[in-house]
Amino acid sequence: MNRPTRTLLLLTALLLLHTGARAQTETPAQSQPQSKTEKKKDDKKKKDEPRRYETVQFESKLMGVALPYNVILPSDYKRGAAKNRRYPVVYLLHGLAGGANDWVSSRAHLADHAAPYPFIIVVPEGHDGWYTDSATVPAEKFESYFLEELIPDVDSHFRTIASREGRAVAGLSMGGYGSLKFGLKHPELFVFAGSMSGALGAASWIPDDKLLAFVRPSIARVYGPPDAPDNETRRANDIFRLVRELTPEGTKALPYFYLDCGTEDFLIANNRDFSALLIEKKVPHEFRELPGGHTWPYWDRQVQEILRLAAQRLAPAADSKQKSKAASGR
Amino acid sequence: MKRLRLAALTLVLLAALAAYYYHYETVVRVETIQLTSVLVEKTLPYRVVLPPRYGLITSRATRYPVLYLLHGWGGDYDSWVTHTELARYAAEHQLIIVTPEGGKGWYTDGVGAGAGKYESYILQELIPDVDSRFRTIGERRGRGVAGYSMGGYGALKLGFKHPEMFAFAGSTSGALDAASREDDDSLMQTFGDSASATRAENDLPRLAREFPDARRGALPFLYLDCGLRDPWLAANRDFAATLAARGVAHEYRQLPGEHVWPYWDRQVREILRVASEMLAAPE
Numbered sequence: 002m003n004r005p006t007r008t009l010l011l012l013t014a015l016l017l018l019h020t021g022a023r024a025q026t027e028t029p030a031q032s033q034p035q036s037k038t039e040k041k042k043d044d045k046k047k048k049d050e051p052r053r054y055e056t057v058q059f060e061s062k063l064m065g066v067a068l069p070y071n072v073i074l075p076s077d078y079k080r081g082a083a084k085n086r087r088y089p090v091v092y093l094l095h096g097l098a099g100g101a102n103d104w105v106s107s108r109a110h111l112a113d114h115a116a117p118y119p120f121i122i123v124v125p126e127g128h129d130g131w132y133t134d135s136a137t138v139p140a141e142k143f144e145s146y147f148l149e150e151l152i153p154d155v156d157s158h159f160r161t162i163a164s165r166e167g168r169a170v171a172g173l174s175m176g177g178y179g180s181l182k183f184g185l186k187h188p189e190l191f192v193f194a195g196s197m198s199g200a201l202g203a204a205s206w207i208p209d210d211k212l213l214a215f216v217r218p219s220i221a222r223v224y225g226p227p228d229a230p231d232n233e234t235r236r237a238n239d240i241f242r243l244v245r246e247l248t249p250e251g252t253k254a255l256p257y258f259y260l261d262c263g264t265e266d267f268l269i270a271n272n273r274d275f276s277a278l279l280i281e282k283k284v285p286h287e288f289r290e291l292p293g294g295h296t297w298p299y300w301d302r303q304v305q306e307i308l309r310l311a312a313q314r315l316a317p318a319a320d321s322k323q324k325s326k327a328a329s330g331r
Numbered sequence: 021m022k023r024l025r026l027a028a029l030t031l032v033l034l035a036a037l038a039a040y041y042y043h044y045e046t047v048v049r050v051e052t053i054q055l056t057s058v059l060v061e062k063t064l065p066y067r068v069v070l071p072p073r074y075g076l077i078t079s080r081a082t083r084y085p086v087l088y089l090l091h092g093w094g095g096d097y098d099s100w101v102t103h104t105e106l107a108r109y110a111a112e113h114q115l116i117i118v119t120p121e122g123g124k125g126w127y128t129d130g131v132g133a134g135a136g137k138y139e140s141y142i143l144q145e146l147i148p149d150v151d152s153r154f155r156t157i158g159e160r161r162g163r164g165v166a167g168y169s170m171g172g173y174g175a176l177k178l179g180f181k182h183p184e185m186f187a188f189a190g191s192t193s194g195a196l197d198a199a200s201r202e203d204d205d206s207l208m209q210t211f212g213d214s215a216s217a218t219r220a221e222n223d224l225p226r227l228a229r230e231f232p233d234a235r236r237g238a239l240p241f242l243y244l245d246c247g248l249r250d251p252w253l254a255a256n257r258d259f260a261a262t263l264a265a266r267g268v269a270h271e272y273r274q275l276p277g278e279h280v281w282p283y284w285d286r287q288v289r290e291i292l293r294v295a296s297e298m299l300a301a302p303e
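Protein chains in written order, with this note's numbering: chain A, 2 to 331; chain B, 21 to 303.
Please note: incorrect hints may appear among the correct ones.
[Stated by the list, open to error] Listed next, with one range per pair, are the computed distances between beta-carbon atoms: (1) R161/B with R302/A: 15 to 23 Å; (2) E105/B with G294/A: 31 to 39 Å; (3) A265/B with R236/A: 32 to 40 Å.
Since the hints were made in silico from the structure, they are not lab data. For glycine and all other residues, C-beta sits at the position ideal for the given N, C-alpha and C.
Required output: the full structure, derived from the provided sequences and hints.
Here you go:
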């Protein structure tokens, strides 16, 4: 073999080795985003990494209690180049017997799921309050708190797109109910409202022996005792009733509704009924039922769908020419 | 001078190799096969969308899962490729996609003269042909079937009648009640009159209602979606309710949309995502 041929053969061999290595590492990675070993590595990494969310120590004047909320910021939020950039916000509501820390705990991989999106994600504290102003305890105003205190606080401290086009709300179980209710009662505030495993019938549940024991006390506290099956609080917060009473103009003004439920979830019939009512009233929406129970593995999977769908509806992050009020904020 | 020539030659070779690699890394190849069917007594073409990297020397030992995508009434083997950007969507997945010709045969062995045995064609002629020509995972775990409208009906029906063949069956805007309808010549040609055995054997809601409990776990994963303004919305909701009542693993979605290509163009991407999750990875 002469020298040029040898050189060329060597080069070819090197190139092929290189492409071979790439093909081998990429093929399984693309078809199976997370193999078990990779996941383990991720978990280990997470422990060493700094926290990927911030906590805002918010004091509610309306309720007279501390209601800290968590915020996940988009990856470029703090880079100089983005200092005038405003971002859409996704409010993510927790379920009954949960709290503001659920969505940022290790049960959900929210920060990972959120990484591809330019969203500010806010996880509020809602106790067991059904995101509703209580019929029995005047100080517990979880709906008013959300609308009158939390949203303005978020909009004043972070570079948000502080309008309907830049605001979405979603949640699981009690939070799914809360999200759809906020969308129905305050359509001017949200462009997207999503529910996972939503406890959609909550406002018509009567807290007697027939209701699940762990749900009963909070239902009684928020909507009133069993002998008040049709009080003002129930009427104003029953989302089935709100949909039934929609006018054609009201329907047009609504945010886009998304709801899903696991076929093994005790709330599946509730969700099917609500989707049937939405069809009857011609309300644009997406409903999905798929294998799953009322569990975190289900919500950890479905929150990715929520983010994907919200991204199709929310205004994109944009640089504002005006100097941002919150540029030096949190 | 000799040095210069050598350098130039090397550069040319490098460029050629880079082009070769780039081509197979990113480009999805679409092929057309003409398959002569004994069962339908016609040459039935099918298209094959090959995944990126399929042709790379280093992928030559890799076998891929296959998704059969069936067309609807009035469509043909070319519909999926021409009415959607299937090749572009396929680039994000590691699937071989096959789009067969189904005529107006409802993917059923028709009773009428010249109706053709379209169900047997897929099982006995098409699948073996695909498995012999391409590097497929030639087993259930690596095989899925899906379709729109008539093809949605066909896909779910194949899933119920031949669960040992498919690990995934998907439908978008499926005409799921086909075997109980008589409002088109093709339905009469295929299924015969209302009391025919063919109707009973291919009645999808009935297959779902009567599928033996003990074999429930042997069914493919079922996916179905339907637009809110699609005439088949009720048929799809009813079918999903039957699956739920029978405890059959499935995903059902209803969302804004009609019985039109823009809807299927959007939903085929969802079908590819779900199918990729449910089918075996390339090996």
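Now the hints, each set against the structure:
The hinted range of 15 to 23 Å is satisfied by R161/B and R302/A, whose Cβ atoms lie roughly 21 Å apart. Take E105/B and G294/A: their Cβ atoms lie about 36 Å apart, and the range 31 to 39 Å holds. Judged by the Cβ atoms, the range 32 to 40 Å given for A265/B and R236/A holds: they are separated by roughly 33 Å.
This entry satisfies every hint, going by the numbered hints stated previously.
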